[in-house]
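Build the full structure now, drawing on both the sequences and the hints.
Protein chains in written order, with this note's numbering: chain A, 1 to 258; chain B, 259 to 516; chain C, 517 to 774; chain D, 775 to 1032.
Simulated from the structure, these hints should not be mistaken for laboratory data. Virtual Cβ for every residue (Gly too), placed ideally from N, Cα, C. Certain hints may be false.
[What the hints assert, rightly or not] Covered stretches of chain D (chain C as the covering partner; in silico rule of three or more C-beta atoms under 8 Å from a C-beta of chain C):
(1) 840-851
(2) 857-863
(3) 971-982
(4) 985-995
[Unchecked claim] So the derived list for chain C, only partly shown, Cβ under 8 Å to chain D, looks like this:
(5) His-658
(6) Arg-670
(7) Arg-705
(8) Gly-706
(9) Gly-711
(10) Ile-714
(11) Ala-716
(12) Ile-729
(13) Glu-765
Chain by chain, the residues run as shown.
Protein chains: 4
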Amino acid sequence: MISAIVSGFTGAMGQKVLAMIQADAQLQLVGVYNPSVTDLTPATYDLAPTVQVFNQLDQITIGADVWLDFSTPSGAFANTQFAIEHGIRPVIGTSGMSEAQIAELQQLANQRHVGGIIAANFGVSAVLMMKFAQLAAKYFDHAEVVEYHHDDKRDAPSGTALNTAKLIYDAQGHDEPGNPREQDPLGARGGDYHGIKIHAIRLPGFVADEEAIFGGPGETLTIKQSTTDRASFMTGVRLALDAVMTRDELIVGLEQLI
Amino acid sequence: MISAIVSGFTGAMGQKVLAMIQADAQLQLVGVYNPSVTDLTPATYDLAPTVQVFNQLDQITIGADVWLDFSTPSGAFANTQFAIEHGIRPVIGTSGMSEAQIAELQQLANQRHVGGIIAANFGVSAVLMMKFAQLAAKYFDHAEVVEYHHDDKRDAPSGTALNTAKLIYDAQGHDEPGNPREQDPLGARGGDYHGIKIHAIRLPGFVADEEAIFGGPGETLTIKQSTTDRASFMTGVRLALDAVMTRDELIVGLEQLI
Amino acid sequence: MISAIVSGFTGAMGQKVLAMIQADAQLQLVGVYNPSVTDLTPATYDLAPTVQVFNQLDQITIGADVWLDFSTPSGAFANTQFAIEHGIRPVIGTSGMSEAQIAELQQLANQRHVGGIIAANFGVSAVLMMKFAQLAAKYFDHAEVVEYHHDDKRDAPSGTALNTAKLIYDAQGHDEPGNPREQDPLGARGGDYHGIKIHAIRLPGFVADEEAIFGGPGETLTIKQSTTDRASFMTGVRLALDAVMTRDELIVGLEQLI
Amino acid sequence: MISAIVSGFTGAMGQKVLAMIQADAQLQLVGVYNPSVTDLTPATYDLAPTVQVFNQLDQITIGADVWLDFSTPSGAFANTQFAIEHGIRPVIGTSGMSEAQIAELQQLANQRHVGGIIAANFGVSAVLMMKFAQLAAKYFDHAEVVEYHHDDKRDAPSGTALNTAKLIYDAQGHDEPGNPREQDPLGARGGDYHGIKIHAIRLPGFVADEEAIFGGPGETLTIKQSTTDRASFMTGVRLALDAVMTRDELIVGLEQLI
Chain A
1 MISAIVSGFT GAMGQKVLAM IQADAQLQLV GVYNPSVTDL TPATYDLAPT VQVFNQLDQI
61 TIGADVWLDF STPSGAFANT QFAIEHGIRP VIGTSGMSEA QIAELQQLAN QRHVGGIIAA
121 NFGVSAVLMM KFAQLAAKYF DHAEVVEYHH DDKRDAPSGT ALNTAKLIYD AQGHDEPGNP
181 REQDPLGARG GDYHGIKIHA IRLPGFVADE EAIFGGPGET LTIKQSTTDR ASFMTGVRLA
241 LDAVMTRDEL IVGLEQLI
Chain B
259 MISAIVSGFT GAMGQKVLAM IQADAQLQLV GVYNPSVTDL TPATYDLAPT VQVFNQLDQI
319 TIGADVWLDF STPSGAFANT QFAIEHGIRP VIGTSGMSEA QIAELQQLAN QRHVGGIIAA
379 NFGVSAVLMM KFAQLAAKYF DHAEVVEYHH DDKRDAPSGT ALNTAKLIYD AQGHDEPGNP
439 REQDPLGARG GDYHGIKIHA IRLPGFVADE EAIFGGPGET LTIKQSTTDR ASFMTGVRLA
499 LDAVMTRDEL IVGLEQLI
Chain C
517 MISAIVSGFT GAMGQKVLAM IQADAQLQLV GVYNPSVTDL TPATYDLAPT VQVFNQLDQI
577 TIGADVWLDF STPSGAFANT QFAIEHGIRP VIGTSGMSEA QIAELQQLAN QRHVGGIIAA
637 NFGVSAVLMM KFAQLAAKYF DHAEVVEYHH DDKRDAPSGT ALNTAKLIYD AQGHDEPGNP
697 REQDPLGARG GDYHGIKIHA IRLPGFVADE EAIFGGPGET LTIKQSTTDR ASFMTGVRLA
757 LDAVMTRDEL IVGLEQLI
Chain D
775 MISAIVSGFT GAMGQKVLAM IQADAQLQLV GVYNPSVTDL TPATYDLAPT VQVFNQLDQI
835 TIGADVWLDF STPSGAFANT QFAIEHGIRP VIGTSGMSEA QIAELQQLAN QRHVGGIIAA
895 NFGVSAVLMM KFAQLAAKYF DHAEVVEYHH DDKRDAPSGT ALNTAKLIYD AQGHDEPGNP
955 REQDPLGARG GDYHGIKIHA IRLPGFVADE EAIFGGPGET LTIKQSTTDR ASFMTGVRLA
1015 LDAVMTRDEL IVGLEQLI
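In structure tokens, the structure reads:
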């Protein structure tokens, strides 16, 4: 039985985390935290009376095995620091911390032998896609990355697509050769990362799909992950919960566990 | 039984045309033509003794139902003109004629009531893909086109992809709305045709695939054609052979028959 | 401006219909109906005070342009009959009516010149997929159907997949030839409808995807629709709303409008 | 520079092997072997005069670094034995040897410290697909396998598809749970291997595609390899050539190198 405190419990991801915990007999919710709430009655949030609601960090004296944080960037560092100092293993999905902040937290966790994880993406299929792309890159000289997202997404390409191209480049060790005779007046060949082309498709109906395609003489290899519901992150969060219980350092990235 | 003369019979496509004719009991090869050959012995080309080999247009006096032309741009116009004037229905896959030349040939064919077809692409799946994209465009405000070709291809996007975008635009009747907040520093969003994005992927292992993707709230529709062997053109050529036998005008584009 | 009454307004689909109407300036919600509710206060259901809540058919005297029904099978016939008799054009997504009942309603609507539609599936991409499959079937001798659904789905294949196979068979006019030498000890070749193989995939992560694949020498054509959110049905409902305003008969199937 | 003898040089695969060697400056063809040929003149087979043509094993006294065998099952064992005994590293794509024969050859190669490989499939993308499927299986409880081949293929499912299901089952360690309420009157759910469903699609236009699909809450992961030309095997053969030069045992399966 793993006891948990959920930070950012009123947000969309926080609510999915609560649902996951409540559906899992191995997990027990003991507290929730959000500095913006004023009502501290559990029933207001459809929580059992045994769950304590907090709006100030220093009032959280109950202890727990894990600290699940899907809140806002502004509080991420302080929350994680608080958790480590109180021996509560942090599982952090909140973005916005600097590399320096993360390094400081890692040092603190190491000193106190507290296991934990900070991850930008808890999607298991996305992490596996990147991992397999990295492995495949050794056997193919040519790769392209295609990602498909809803038309409201502002940034192109997606962070996962760019990261996938980086992992492929690192594995290949050199720029991919282009076709010097190619003519592309419209820019249809897409974005370029060391010769690896990246294509971003934006259409309503997609949630988030990421695809790496490798080509060699007479064959192609495609690794594609498709997200239809952000609840998919809960698979990765669950994996992380088990992992941090047996670790004694703060790791960065779900790929470290897979 | 349809009797045929094949122009450009020594080329790659010409050879596939010969193979198709020989495998089809409804078709009979009576002559072949190539101004570059010097040896006029059928056996030299593994042809039956009844097949006549020509290297000059004005020596072709045998008559036939159809003239299949998969030769070189320089001879396309003269060949087609010759066929029409001799009442041999032209089925022309050779590219390179100007619009003016095509118009002149159409006028000639109409005068003489000779059926025929000039097509840049005899791929049935490609023509159907374009047709369906055009139909779907009425029901979706958002579409993107993706094409996949081998890495030796020089032009991007493919003619079929650009043509598909044009057909979608024509059917929608207005530019597709973009996302004004989109940030795309690498050009990953691809080529643009009136708001319809076009993505060209170039990898060894692909022959020629073309894809139109439509998106609406909660759903996508994908129409994809994939070519694994250029022999696929023979399906369209066969379709054209039957069609020209019952027509009395020169049509342009396989889509006119489908 | 189209005024609407929504029957089955408390259900999942009914709620999506309400959301669609509220987001569309061309549509106006005037009433909602559900025989199971006891509280007739609009505010209870987050409805504007101008919207009337009904729990008995004979109390609905307000009149409206359209009657949107996404309720339960038991009430579908009576509801549709009531709407037609009161000159309210029915748009019926509720299943469960017999062919005899539908025929009776069609006769009634024709007599009264009331436009309407009964459809099992308001997914535009699904209807287009079926339509395109039917058109493509004329040009290919070989087709297979693949559908992908979540692992809780009980019936295999899906109704849409079976219907797609039927449409392909109708268009081809004869059984597809099989491979007499084929050996398939595990039944991996899937279900069979007149030689058209149907494959049902059941995995968590899929919502509902349907795919028709056609093959010819050296080429394939794939038509695939993918549903990521059941809200996709609203596109088809919206299309139907406009259509029934200008019709004077009760049609069956969204494909009649596309 | 690796010197090579090619056994089965007149067959389709043998010809592709010759072409690969001739195009690679690191490889040198020194001999070819086929017990069925009677003409031993290199020019007859478009080979350089320095290449020796053999039709009897015991006349091959020239020595070489590697023995490439893509011949017929009847000679595979004797050929491989001959190669090992003469210190020529075997790269064997010829099928038909029994497990006992392979074990005997492995023992012989180990004794003599001769590197070599016997592989049923030299397709790099297929081997990677299987490897990734095996890795992904640890993170997903649900997987299905789909394979697409030309309609002349006799066996369903393909050996690769069945092998992929086996690897997934081995990695998961238990049967996948089914849906006890599922109704499948047509057998559309396909073949079954310990709960992993296998679907075989047979259509002209496909060469050989293999796909593993994994599903979890809200996400899917698809690993697909596609073969458009059997020349793809040469990538794996080339990989094997380098590998056997630095090994001193006979390995079985390209996956041992990847």
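Evaluation of the provided hints:
1. 840-851: Three-residue rule not met by the stretch 840-851 of chain D, so violated; n is 0.
2. 857-863: violated (count 0)
3. 971-982: holds (count 10)
4. 985-995: holds (count 8)
5. His-658: 5 Å, holds
6. Arg-670: 5 Å, holds
7. Arg-705: 5 Å, holds
8. Gly-706: Since the shortest Cβ distance to chain D is 5 Å, the answer is holds.
9. Gly-711: This interface hint is violated because 11 Å lies over the 8 Å limit.
10. Ile-714: With Cβ-Cβ at 5 Å, under 8 Å, it holds.
11. Ala-716: 4 Å, holds
12. Ile-729: 6 Å, holds
13. Glu-765: Cβ of Glu-765(C) sits 35 Å from chain D, so the hint is violated.
Violated hints, listed in ascending order, are 1, 2, 9 and 13; each of the other numbered hints is respected by the structure.
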